[in-house]
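Q: Here is what each chain is made of, one letter per residue.
Protein chains: 2
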Amino acid sequence: MKKNKLKKLISKIFIKHKLSKNHANICAEALVNAELVGAPSHGLSRLKMYCDRINKKVINPKPRITIKKITESITQIDAKNSIGFVAADIGIKKAIVSAKKTGIGLVGINNSGHYGLSGYYAEQAVNQNLIAMCFTNAPPAIAPHGAIKKLFGTNPICFGTPTSNKVPFILDTSVSMINRGKIRVAAKIGKKIPGGVALDKFGKPTTDAKKALSGVQLPIAGFRGSGLAWMVDILSGVFTGGNHGGKVKDPFDDFTGPQNIGHLFLVMKPNLFVRNYSKRIKENIKRIKKLPKIKAVKEIMYPGQNKYARYKKNLKKSIKIPKNILIEINKLNAV
Amino acid sequence: MKKNKLKKLISKIFIKHKLSKNHANICAEALVNAELVGAPSHGLSRLKMYCDRINKKVINPKPRITIKKITESITQIDAKNSIGFVAADIGIKKAIVSAKKTGIGLVGINNSGHYGLSGYYAEQAVNQNLIAMCFTNAPPAIAPHGAIKKLFGTNPICFGTPTSNKVPFILDTSVSMINRGKIRVAAKIGKKIPGGVALDKFGKPTTDAKKALSGVQLPIAGFRGSGLAWMVDILSGVFTGGNHGGKVKDPFDDFTGPQNIGHLFLVMKPNLFVRNYSKRIKENIKRIKKLPKIKAVKEIMYPGQNKYARYKKNLKKSIKIPKNILIEINKLNAV
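These protein sequence lines map, in sequence, to chains L and P.
Numbered according to my numbering, the first sequence spans residues 1 to 335.
Numbered according to my numbering, the second sequence spans residues 1 to 335.
Please note that a few of the clues may not be correct.
Part of the chain L face toward chain P, derived, beta carbon under 8 Å [as the list claims (entries may be wrong)]: (1) I74; (2) N284; (3) L291; (4) I300.
Chain P regions said to be covered by chain L (calculated; three or more residues, Cβ under 8 Å) [stated by the list, open to error]: (5) 60 to 74; (6) 101 to 113; (7) 144 to 157; (8) 227 to 239; (9) 262 to 275; (10) 301 to 313.
For the record, the hints were derived by calculation from the structure and aren't laboratory data.
Here the structure is a predicted model, which means the values were calculated and not measured.
No residue lacks a Cβ here, since even glycine has one placed at the ideal position from N, Cα and C.
Turn these sequences into a full structure, and let the hints guide you.
A: Here's what the structure looks like:
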């Protein structure tokens, strides 16, 4: 399906599920963007889940989001159980305004939901020539170091910076061996997952995506990854007023209440301490790209470069929708 | 040697190497603290290196450090090639003052040197009931993903938060499989290093510490760890005005000029978005500690807990100094 046609369709479905036109457009934009950057795990495969949560009244389609300015640099947002996309979109825009005005912008959001890809928000700041860090927590997936039960989400660490060229540097890495969304997609289409990334519910290594979902994902680098996941849980959950310590509900399986996910955005002007950030980052990237490479590697890529290439390529093409997801979409639209 | 006696001795040695009494005390405190927390790689084993760098005029023992207040929240420090400890100590104190006043404090430091353990500075903020993040870069040790030559430092990510009890949460993790300092100590005392953490200069896996030092260290989790190392290089180097992109000189081997390391400190009030942070973090830690554990594990520890236990234990004992390092110290004191 063509990008714009798909966006209109998704937006229409969200409006049918009681979202305002503005909020529906924000959500459609984010979902279609996930497809375009090659992250279908955060795209259309989640549409039904969002609609289900609205139907079951655990997402509020007409939230009266409150925005409290704490200082010129700091803003607090209570998302009032909105879809995550909407609160996050407001939040990153506030952080951008603060950073432009005061050099630094910090926004804490609570009572939100899954907001898609962190990189999508970091990119908004980077496109305004700002540096950004984004933190959010997620439902239990990873066992803390030493534990046999999952508690931390895959809790991404996201950092973005302008690069002096049109391709932004966007690091958006979960602290699990692979993204949970990829396991979900594998489970949905019946594919196996790689070894060494998850255990089943009995603590045994598995490549069965469904068994992995009911088991435990492994963090990167043992106690280091576990510590990073804990840091993200504190910054985005404990600090913002969101759920934390394993209390974020799984959006697909648990309809007993809202998720109350927290997000934290930090945005900074790149020229706070130097006059020539643009030149410096260009030089930084140049030096790294010039290094001798391992044989199979044509070019050393910075984080975000591959994603941007996929985006550019996919923009020219029609978006392919897996059959089972197309059936879901048609059903949601037939309501 | 008893802690206080050792501190006096180290301070005396630094004064003999032209540091002011105040600066000498700051450095002695940091080095002895590294021994007490069980990180000898960042302690006495580095004393000779600092003195050598002063003698060879690549550390300025009498730096006229400049402090520029950019806003109430943001401060820039030019360390003028001071020992890293001194500039970092000034920097974290400025960040603390800003955070107390405005909710958030950001300090960028350039023209500095190796500052020891990031956790040492995060802890200063946490002891004042503040949340802290510290970033610093380091000489080339890790190959970027896809490259066969080292360029990134082991570039630690450090995060600290009050816990509502006397043991602070201090995550201080390098993004290499093991800390370079540990390899240095192994090389110095002739021990082997674990497999899978480094390659020799020909790109072959090695457990020989000396070969590892002249080769390449491996990042955690492949492209994820490489991306995190790149992020830290940008935040602490490109952003602050410090060296970056592989230009930080090895303090042990390269006396052709100052290191110009950059540091970035971010400090925040924990109660910016919630009234009961202390209660929330206590609950967070409690939930995680209550999880079922793997057999060999008695207690799930949060980052910083083991270090604190070592500190408490070591405080009661005399500090053991390896023979070769004692010889170095005596020589330095005999100058």
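Q: Does the structure break any of the earlier hints, and which numbers would those be?
A: No numbers; nothing is violated.
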